[in-house]
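Chain residues, written in single-letter form:
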Amino acid sequence: MDPLAAIKVTFFQECEEQLAELEGGLLAMEGGDHDPEIVNAVFRAVHSIKGGAGAFSLEALVRFSHVFETALDLIRGGDIQADQETLKLLLRSADVLADHVRAARDGGVVDEGRSSAMAEALEALASGMGGGGEADTGDGFDDFVFNPVSIDMSDAPAPADDSVAALLASITGGDADGGAGEADAPASDDAPSQTWHVRFYPQVGLYQKANEAGLLLRELGRLGEVAVRLDASGLPLLQNMNPEDAYLGWSADLTGPGIEESAIREVFEWVEGDCYLDIVREGAAPPVAQASGVDAVGDVDVMALIRAAQAAEVPAAAAAAPTAPARASAEAKATAEPAKAKEAALDAKAQAAAREASPQTIRVDLERVDRLIDLVGELVINQAMLTQRVAECGLQRASSVAMGLDDLEQLTREIQDSVMAIRAQPVKSVFQRFPRLVREIAAMTGKEVRLIMDGEGTEVDKTVIERLSDPLTHMIRNAIDHGLETPEEREAAGKPREGVVRLAALHRSGRIVIEISDDGRGINRPRVKQIAVDKGLISPEANLSDDEIDNLIFMAGFSTAATVSDISGRGVGMDVVRRSIQSLGGRINISSRPGQGSTFTLSLPLTLAVLDGMVVTVAGQTLVAPLTAIIESLQPKACDVRNLGPNAQVIAIRDTHVPLIDIGRSLGYRTVTPPPTEGVALLVEGEGGSRAALMVDAIQGQRQVVIKSLEANYRPVPGIAAATILGDGRVALILDIDAVMVPKPHEGGGAIAAPANGGLDTVGAPTSLAKVG
Amino acid sequence: MDADDAATLVLPSVLDLKSVGGLHADLLAVRGRPLTVDASQVSRLGGLGLQVLLAARSTWAADAQPFEVVNPSEDFTGALDLFGAPHLEPVAPEPDSQTATDPNSVDARELRS
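Going down the list, the sequences are from chains A and B.
Under the numbering used here, read the first sequence as residues 1 to 773, first letter to last.
Under the numbering used here, read the second sequence as residues 1 to 113, first letter to last.
FYI, nobody ran anything at the bench for these hints, they're computed from the structure.
Model, not experiment: these values are computed from the prediction.
Don't be surprised by glycine CBs; every beta carbon is placed ideally from N, CA and C.
Any given hint could be a false lead.
Label pairs and their calculated CB-CB ranges [said to hold, decoys possible]: (1) Glu74(B) to Asp454(A): 26 to 32 Å; (2) Lys18(B) to Gly107(A): 22 to 28 Å; (3) Glu440(A) to Ser40(B): 41 to 47 Å; (4) Gly22(B) to Glu440(A): 54 to 60 Å; (5) Thr10(A) to Gly22(B): 54 to 60 Å.
The following residues of chain A were derived to be distant from chain B, with all beta-carbon distances above 10 Å [claimed, not checked]: (6) Gln81; (7) Val228; (8) Lys637; (9) Thr677.
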């Protein structure tokens, strides 16, 4: 990939992280957490986005983040009180910022009206604080403040969250890698007050990128006492000038206690390539090499620099990485200095830095991980084959070869688990988009909604996460649009005006369970049933249990909204949700209590790459049944099996009757069903809790198998979910339990499906609801 | 050039990258006439705006024409302070170091006329 494009990709990845950080922080603030660290983190997130955007000349993004940042800085400085109204504005601004980032990445357009309205609101917020202690400089800048500067050393770009900036800076040979080095210097700067001479000559690019010299000077003024001298010696007469070129320069004497060069450089961080900058400490040796380096590149565009550094890309990234430990040690050193007054503060800072120090991470192309997973899958298969060969040779279990193989198996299993863990990601990445969704839907519907999220750290395979987004979005929409009442209705029902939607994730017995619940009105069963009857989905006489009625909403084409709203009820109903969950090997359940709300429960496998299966034999073929679907296995007794019509059979299991399905026949391996007493029945539970007994000839055992897609390698086969390769090298098909449970049309059916507890009157048509209609 | 044909220019509220082009053109259009610049509307004066105004002042001084800034808004003077720039107020043309010409000399006037 073109290195520049690669850096850009990294930038956008980081933007996503920053946006998540931003939203998380704002939500924490909304929740009443006033930890200044959170405010700082929020500010840094916007600041980083702006910085990167500036380097890539993403002007709309720069402009908006600029305004946003200004407001955040005022909050950070305590000039604006972050009350609930303000936070709501900030959260909406975060949404718009996210839109800008995505538009910049994907080339879309941002809703200009919304963006500028939000920018105006932010400016109004920023100017609303009325200048306060900053009357010494033009208040006109209040809505346009440039990167506020932090002298806190822990604020310096850390590789984990700011590596684009670090990368860019290290390419320009400038700031980031200097950060660690410079950290040593301050330790000796115990002098109470010192003077820095700063010479600053903007180049044309500085203004072109919507940066402003005045703001930089003003930022400089925040570091200490500053005396600015204007150098207009380069200014031509009016007729000879290009009004957009840069002619003026400034020199400033900055005096104050404990000012560090890095802090001054930070002021000019984002304009480094667009100005001549010279920073000298009074009484220090003549200009540092760094300054001349900047000088040399002074009027070169950052982009050109990036290109020039193409070859250096990887080493540069590598060089940027170790700054954190270096800084930490520098900081530790700083605390060891006998600057007693500072010691406590620095110590606290070091602690904060340590707390912040996130584990080191690297970014890896997903394809590489997938390839590794594939290879490990092959290894597992190969190892199983080897074991089988050894067994065929008749070696004793205790032989050293067999024992070595056992160790190998253990190791293989561990490798497999570890590799799977690489792909695992916290569900946070999909959960984090929901607060915005909830805000928007709440605004559209005029309902008051609070979203409570739980277990965001629960990890699950990346593929699962990606494919969870749409179904969850749909269910949350439904929960607010259909589930929750309007504030007035809620008050009338004696509930708080604000409805609660809860989204929780947890691990349960090797699967991930996600619950979406609301405290709304619950499912209106008479109405659901009426709609199903009206639409001809069920017969009016059907006698349905509450559960069965609840499950009707999963039927295709079912929409309970009397009027199709913007938000939900667009014809793609819960049946789509259910299907996408099923395609992930998951289950969905619903429970609802009138007046108290509904809960949808999703249960999903942690990974799509391996499966715990029961290996069975049917008509001479080896098949794998997913273990998660199997409740128990039993040997049918002749007296328990009853015929139901010419083709169907049911079996009595503990006082209920469930359909008995011969796998061999339903998959077309044979046309005559052998007597059930000669085989083994697997009692399985499909989606929605319906049960059936699947007849197989024999059980070979339980095994973890590597899933190979049949669709990708061959074509979809009804009744088969995927395939795997067994130890003997043969391909075994993995059963699609739900598909197998649905009877073929010629085998009867057509009536309403019934869960297992439905009794004899309904078992004739053991179909799953989703497939009807 | 009619020296009595004084011009007045009201500065826009924001003087930045977007507006300096227009300001530059407006100033050139009234060149050679006494100029009164009304800075009452200015809420934001950027570096680019400042240099156009400074260049204009030098130019007017070189032309020996009066150049006056009136009604400066607080933001305007605040920004000038920030930039370490003179307040642009002196009515009497005052050459910058760049402008070698003596503004009051008749020669200069004739040169321009």
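Take the C-beta atom of glutamate 74(B) and the C-beta atom of aspartate 454(A), compute their distance, and say whether it sits inside 26 to 32 Å.
52 Å, violated
Just tell me: holds or violated, for the beta carbon distance of threonine 10(A) and glycine 22(B) against 54 to 60 Å?
39 Å, violated
The output says valine 228(A) does not contact chain B. Does that hold with a beta carbon cutoff of 10 Å?
4 Å, violated
Beyond 10 Å from every chain B Cβ: check whether that's true for threonine 677(A).
88 Å, holds
Satisfaction of the hinted span 54 to 60 Å by the C-beta atoms belonging to glycine 22(B) and glutamate 440(A)
Given about 39 Å between the Cβ atoms, the range is violated.
Cβ-Cβ distance between lysine 18(B) and glycine 107(A): within 22 to 28 Å?
With a Cβ separation near 24 Å, lysine 18(B) and glycine 107(A) satisfy 22 to 28 Å, so the hint holds.
Least C-beta distance between lysine 637(A) and chain B, which was stated to exceed 10 Å
The assertion about lysine 637(A) holds, with a minimum of 87 Å to chain B.
Distal placement of glutamine 81(A) relative to chain B, Cβ over 10 Å:
At roughly 24 Å from the nearest Cβ of chain B, glutamine 81(A) sits farther out than 10 Å, so the non-interface label holds.
Take the C-beta atom of glutamate 440(A) and the C-beta atom of serine 40(B), compute their distance, and say whether it sits inside 41 to 47 Å.
42 Å, holds
In summary, the numbered hints that this structure violates are 1, 4, 5, 7.
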